Structure formats: structure tokens, C-alpha cells
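Given chain A's structure and the hints, the job is docking chain W onto it.
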Amino acid sequence: MTELLIEQIINGIVAGSVYALVAPGMTMIFGVLRAINFAHGEYYMLGTFSAWYVITKLDVSYPVAIFLAVIITMGIAAVIGRLVMQGLVTAPFQSGVLATLGLSLILQNLIIITFGGTYKIFPGGWLEPVFFGEISLAWQRIIIVLVTIGVFVALEFLVRRTRMGKAMRAVSQNTACCLVNGINIERVVLGTFVLGGGLAALSGVLTGPINVTVYGGMGEAITLKTFAVIVMGGMGNVRGTLIAGWVLGIAESFVAGFIGLQYRDAVGFVILIGMLMVRPTGFFSVQSRF
Amino acid sequence: MSSRFASAVGVAVASFALSCFVVVPAMAQSDVVRIGIVSPNTGAAARYGAFAWRGAQLARDEINASGGINGKKIELFQGDSQCIPTEGVSSVQRMIAQDKVRVVIGDVCSSVTIAMQPVVENAGILLVNAASSNPDITYKAGVGGYKWSFRNYPTDENRASVVLKYATEQKKIKKFAVLSVDSDYGRGAIVLTKKYLGEFGAEIVSEDYYKDKEADFRPVLANIRRSGAGAIIMYGLADTTPIIARQMVEAGLAGKVILIGSAEFNNPEAIKIAPTALNGAVEAAAYVPEWDTPKNHEFVATYRKAYAGETPNVHAYAYWETMRLVAAAAKEAKSDNQDDIRKTLSTMSYEGVMGKVTFDDHNQANLPMILFEIIDGKPVIKGTFNTQIKYSTR
Numbered sequence: 282m283t284e285l286l287i288e289q290i291i292n293g294i295v296a297g298s299v300y301a302l303v304a305p306g307m308t309m310i311f312g313v314l315r316a317i318n319f320a321h322g323e324y325y326m327l328g329t330f331s332a333w334y335v336i337t338k339l340d341v342s343y344p345v346a347i348f349l350a351v352i353i354t355m356g357i358a359a360v361i362g363r364l365v366m367q368g369l370v371t372a373p374f375q376s377g378v379l380a381t382l383g384l385s386l387i388l389q390n391l392i393i394i395t396f397g398g399t400y401k402i403f404p405g406g407w408l409e410p411v412f413f414g415e416i417s418l419a420w421q422r423i424i425i426v427l428v429t430i431g432v433f434v435a436l437e438f439l440v441r442r443t444r445m446g447k448a449m450r451a452v453s454q455n456t457a458c459c460l461v462n463g464i465n466i467e468r469v470v471l472g473t474f475v476l477g478g479g480l481a482a483l484s485g486v487l488t489g490p491i492n493v494t495v496y497g498g499m500g501e502a503i504t505l506k507t508f509a510v511i512v513m514g515g516m517g518n519v520r521g522t523l524i525a526g527w528v529l530g531i532a533e534s535f536v537a538g539f540i541g542l543q544y545r546d547a548v549g550f551v552i553l554i555g556m557l558m559v560r561p562t563g564f565f566s567v568q569s570r571f
Numbered sequence: 194m195s196s197r198f199a200s201a202v203g204v205a206v207a208s209f210a211l212s213c214f215v216v217v218p219a220m221a222q223s224d225v226v227r228i229g230i231v232s233p234n235t236g237a238a239a240r241y242g243a244f245a246w247r248g249a250q251l252a253r254d255e256i257n258a259s260g261g262i263n264g265k266k267i268e269l270f271q272g273d274s275q276c277i278p279t280e281g282v283s284s285v286q287r288m289i290a291q292d293k294v295r296v297v298i299g300d301v302c303s304s305v306t307i308a309m310q311p312v313v314e315n316a317g318i319l320l321v322n323a324a325s326s327n328p329d330i331t332y333k334a335g336v337g338g339y340k341w342s343f344r345n346y347p348t349d350e351n352r353a354s355v356v357l358k359y360a361t362e363q364k365k366i367k368k369f370a371v372l373s374v375d376s377d378y379g380r381g382a383i384v385l386t387k388k389y390l391g392e393f394g395a396e397i398v399s400e401d402y403y404k405d406k407e408a409d410f411r412p413v414l415a416n417i418r419r420s421g422a423g424a425i426i427m428y429g430l431a432d433t434t435p436i437i438a439r440q441m442v443e444a445g446l447a448g449k450v451i452l453i454g455s456a457e458f459n460n461p462e463a464i465k466i467a468p469t470a471l472n473g474a475v476e477a478a479a480y481v482p483e484w485d486t487p488k489n490h491e492f493v494a495t496y497r498k499a500y501a502g503e504t505p506n507v508h509a510y511a512y513w514e515t516m517r518l519v520a521a522a523a524k525e526a527k528s529d530n531q532d533d534i535r536k537t538l539s540t541m542s543y544e545g546v547m548g549k550v551t552f553d554d555h556n557q558a559n560l561p562m563i564l565f566e567i568i569d570g571k572p573v574i575k576g577t578f579n580t581q582i583k584y585s586t587r
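The listed protein sequences correspond, in order, to chains A and W.
Numbered continuously in the working numbering, the first sequence closes out at residue 571.
Numbered continuously in the working numbering, the second sequence closes out at residue 587.
Looking at chain A on its own, in the form it has when it is part of the complex (with noise of 0.2 Å):
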């Protein structure tokens, strides 16, 4: 039973894992244009297809390939933060809304246009197992584990030490303040929209040789799970994400281990509206905000 327990413990840190590197870039979009970026699951979708489309088509290896999908992403996610994203700034609340959720339908049905519907088999990947006693783990879900952490000390370097992520911070607390102190906010925007594109590409072409198939509309589910972890981690809260993730991963994991897989989904919803009756804020206090 204690290996039970174990095995469903890592399984959910795995998935957790998936989630947290998605989420920085949504909640660093909140922080800085207080609009909820309802199209950030698609550059996880797009990172992933780019990787299959370079590996398949242009006979890339995968690690080049993870490279090579995280720079598309991000060149495709510049021109969409240069054309939509910098508008934002100065526009109502609801205008973020309609503009990402559109946007989400244009990227989702530009790619069915293109590739087809149907599910594409990614290739590549280290799926060799390791073993743990009974437990088997392939090595790629290790490696997911390890990239986030080390992203996440990264991104907490970058928040805390440089100019761009005390910009990032200043713009998230006040942006009148910003005008005056000569920070360019559309530019931070960018540069933000831009980041969170590259993490959100970084998990989908990591995650892409254990969830196996690559398809138009997978980006859907990880919109609505990242919402769930950015608000339970504090909305603008970066680090907070991490263990927010890893609190959904590990919960999902024991209500499709120990309840059943058909409840899985539901695990997201039901500690979305839990945390925005009981704890609003997110498990953390404001002041811990970046």
C-alpha cells in the first residue's frame, strides 16, 4: 500500500510538473496586463507540433528538436504579442478575454487546416525505464521533473535579479508608475508574453513522447488545468506555481488512482471553485506576489 501511495506520489508529480511549467508564463501575462490568457495552453500545443513536424519532416533529433520547437514558439508567440498582446494594455478587462479566446480557436483550427484532425504519433523521446524497486519510470518523466525545478530557480533569478524581471514586477504592481519611471510596458509585456510561450512549448515537447499523440485541440485541457494552478498559486505568482502544480498533479493522481480515471478531470474544477469561495488570494499571501 506505502508503494501505492509512492508510486501515485511521483505519477502526480510528473503530471504536476507538466502543469507548473505551463502555468509561470499565464500568470506572468496576469500580472502584467491583468488579462487572463485563455490561448496559453495553444504554445503548448504548438511547441509540441513544431517538435513533431521538425522530427518527422525534417529528420531533426530530438534534442535538437526540443530546442528548435521552443524557437518557434517563441518567434510565433513575438508576432502575436506584437500584433494583439501590446493592444491589451490599455484595453478594458473584457477585450482580453475575446481577443485570447479567439485567438485560441485561430491557432487550434489553423493547425487542424493545415495537418489534419486526426492524432499524429510523436516520435523520439527517452523512454527507456528506470527502476525504482517495483516502480518503473522512463527516464523522460524524470527529466520533466528536473527541467522544472531547474526552470523555476532560473525564473526566480530572473524575477528577483535582473532589470527585466524587476521591470516585470514593477509593471505587475503599478503601471502609472512605470510612465513616470520611463519603463517601456508595452516592451515588458512582450517580453513576458514571449517567455510564458517558451515554457508553455518547453512542457509540450517535453511531454510530448509520454502522452504519445499530437493533435489539434490538446491544448484545451492544459488551459483550464493551468487556470486551476494559477489561481490556487496566487494570480502573478511565480514560484507559487510550482507547488500548485504539484498539488493538482498529486491530487489528479490519487482521484484517478484510488477513485476512478473517469473523475480525474473534475479534480481541477472542483479545487478551482473551492479555493475562489475559501482562499481567493491563492495558498499564499499576497506580499509573497513577485
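For the record, the hints were derived by calculation from the structure and aren't laboratory data.
Quantities reported herein were computed from a predicted structural model and do not represent experimental measurements.
Where hints are given, some of them may not hold.
Straight-line C-alpha distance at most 25 Å; calculated DSS-like pairs for lysine-lysine [as the list claims (entries may be wrong)]:
no., chain 1, residue 1, chain 2, residue 2
1, A, Lys401, W, Lys365
2, W, Lys571, A, Lys401
3, W, Lys575, W, Lys358
4, A, Lys338, W, Lys465
5, W, Lys524, W, Lys340
6, W, Lys498, W, Lys465
7, W, Lys358, W, Lys387
8, W, Lys387, W, Lys265
9, W, Lys498, W, Lys571
10, W, Lys465, W, Lys449
11, W, Lys571, W, Lys449
12, A, Lys401, W, Lys404
13, W, Lys536, W, Lys293
14, W, Lys549, W, Lys583
15, W, Lys498, A, Lys401
16, W, Lys449, W, Lys265
17, W, Lys406, A, Lys401
18, W, Lys340, W, Lys364
This is chain W only, laid out in the frame that chain A set:
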């Protein structure tokens, strides 16, 4: 006075506009036979939909090349159900209202077909299902209620018992875990399986249903590994089979626990990425391309020629055959009116690839199913069985 004049003008303009709408399609209607094809072209069953659409197109081209239906060419209209009932209903409504189709062939997913049945019933449009297996679809058709619903596909009623019998008697497995798709098809097949557990001395040790977009099966597979189950009963989606198979390899289940049921275990792509997980898998299906008859060899050869060497799957076959069945009924009725086709269907006898097709009083075609096992990466046919059911026993 002026307002009355305005409303009179309004009515005149509206009726003129309406007459344009009515007249134009009516004129276009006369020289072609309009058939709607509903299948899931995006989402978790998109693989099925892509095959179904190619099968239907092949049949259209063949029929049109040989003179069409009573001299009229077939025109196809495509609807994407996404395997979601509301999407299927809205595409069928669009086909009826805008495309003026008289016959609809669809859907693959049982939940969608069940939702479409009342829509075609109210509109008086003929629905010929080609690929849904939930028994309720024809329990409620013919003398069961819906006059406009037919099914040219075997039902799950007997499949569940045949699969269970093979697993318990040939594979000597007594403990089973359930991992099926959370839909009318997946849950319905398990309800039927449970009826036969006692008869074959079988036991279900765990029961899970996956959502169509689920991608992480590790928590469930961890449980199944400890449960002592010898097989996973899976009535699922072909696109999810590769995910489960590969995660079975990773979790150390491959080679120890087999898959039984129906989720296209013979999909070459799935076998390629997880051969050990699919070896020994047992499936009952309406069709396999390996079916060894001259008629089937001819179909497979034509299909491969039309689609760059691709081998057809069960859905490509089912839609292709059902198109031909509808065309044959229209020819026999000497009419492309849906009511004439409907009446002919219920009395006619059609010679198909899988044998002679006749419909019972529930509008259910009498068709066999094939039982196969994956041995060394290839499906090996273990026999066929009858799917005809006695409605009174339910």
C-alpha cells in the same frame, strides 16, 4: 396607413426572399442525390472520421463512374461531429436545412448517433448508421420507435460475451480490469460484459473509464499492475490505444496483461510503437482488411489504389459499404426519395463484402463480427460470430 403599407411591403419582400431560398435548392436538387456524411473529423476519434470520409468518397466516385443512382450523380456533404453529441446534432441540422440532404450516413460514435436519431425522425430524413455499436440505437428503431433510423453495423450485444468467452476459455484469464472510454459505447459494452461474468466464472477487479482526451494512464495502470488482473477489458478509441499501449510498456504491464475488447488493436501505428503491449490482444470487430474473400481483396485493392497505398480500416469499409447499400436500395426502388429508399431497405437483400445484408424489424442489419488476436504484430482471425439478437430477451 403608412405602417400598414410598410408591413405589406415587408411581407412581400420577405415572401419573395423566401421563395428564392426555396426555389434555388429545389432546382439544384433535381439532378443530384444529396447525401450527408457525419463523422468525427477532429477530436479524439478523428482517425475514424478520416477513414470514414475516404471510404464514403471512394464509394461516391465508384457509383458516379458507373452511372450514378438512376442516372443522377451523388453529391456528398461533410459534417464534423467531433464525437460530441451536440456537434453531431448541429451538423445534421445544417445538412438538412442548408444542404437539403435526403439521406445521412453517420456517426461513428454511439453517443452522437443516439442524439441524431430524434432529429432525423422529426425531419423525415433517412439515417443509415454505418459504425456505431451501442445496442440501444436499434432497440429504439423500427418497431421500437424511430422509423427513419437504420443501422448497417453489428451491435455490441453478442460481442461482449464472445470476447469474454475467448479470454476465459482460450487465454485462461479469470480476473479482469476495465479501462473503457467514458461514453455510451464504452460504458454500454461493459454493462453487457457484466451480464456474462457469472457464466464464464470471470471477475472484474477494477473499473475505470477514460475521457476522450485523457493522456495520462499511469495512475490507473499502477493499480491494475497490483490488482492481479490478467487482461484489461477495453472498449475504447483507436487514437488512445497507442497512448495506453506505450504507457503499459513503461509501467511494466506489457507481456503480463493483455488487452481485450475493441479499440483497433490492429492499428499498425500502435503496434509499431508498443509491440509488446499489443501482442496477444483480442478484439471483436465488424471488419478487418485481412478478411479473406475475393470481394474484400477487390475492395482493399481499389482503396489502396485510390489512397496512395493506405490500407482501409473498419470505418473506411463501413462507410464505403453503407454508401453502396443506400445506392443499391435507391436503384431497386427506382427513386431517390428518402421514403422510397427507406421502404426498400427494410425488405431488400444486399450482397456485401461481409455477406448477405438484411434488416430485421428493428432496422438492424444482420451482420457477422470477426474475432482476431494480435500474434507477432499481425491480426490473426480466430473466427466469426453472429450478432443477431432476440429483442424479447431483454
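> Taking 25 Å as the top limit, are the C-alpha atoms of W/Lys340 and W/Lys364 close enough?
Replying inline: violated (42 Å)
> Does A/Lys401 lie within 25 Å of W/Lys406 when you go C-alpha to C-alpha?
Replying inline: holds (14 Å)
>> Check the hint pairing A/Lys338 with W/Lys465 against an upper bound of 25 Å on the C-alpha distance.
In response: holds (19 Å)
> Going straight from one Cα to the other, do W/Lys498 and W/Lys465 come out at no more than 25 Å?
Replying inline: holds (24 Å)
> CA of W/Lys387 to CA of W/Lys265, is that 25 Å or under?
Replying inline: Distance of about 49 Å is beyond 25 Å: violated.
> Is A/Lys401 within 25 Å of W/Lys404, Cα to Cα?
Replying inline: holds (18 Å)
> CA of W/Lys524 to CA of W/Lys340, is that 25 Å or under?
Replying inline: holds (21 Å)
> Does the structure keep W/Lys498 and W/Lys571 at a Cα separation of 25 Å or less?
Replying inline: holds (22 Å)
>> Checking one constraint from the list: CA of W/Lys358 to CA of W/Lys387, max 25 Å. Satisfied?
In response: Given that 25 Å is the threshold and the Cα spacing comes to 12 Å, the pair holds.
>> Next pair to validate is W/Lys465 with W/Lys449; report whether the Cα-Cα distance is within 25 Å.
In response: Distance of about 19 Å is within 25 Å: holds.
>> Check the hint pairing W/Lys571 with A/Lys401 against an upper bound of 25 Å on the C-alpha distance.
In response: holds (21 Å)
> Are W/Lys571 and W/Lys449 close enough, with their CA atoms no more than 25 Å apart?
Replying inline: holds (19 Å)
In this structure, the hints that do not hold are numbers 1, 8, 16 and 18, in rising order.
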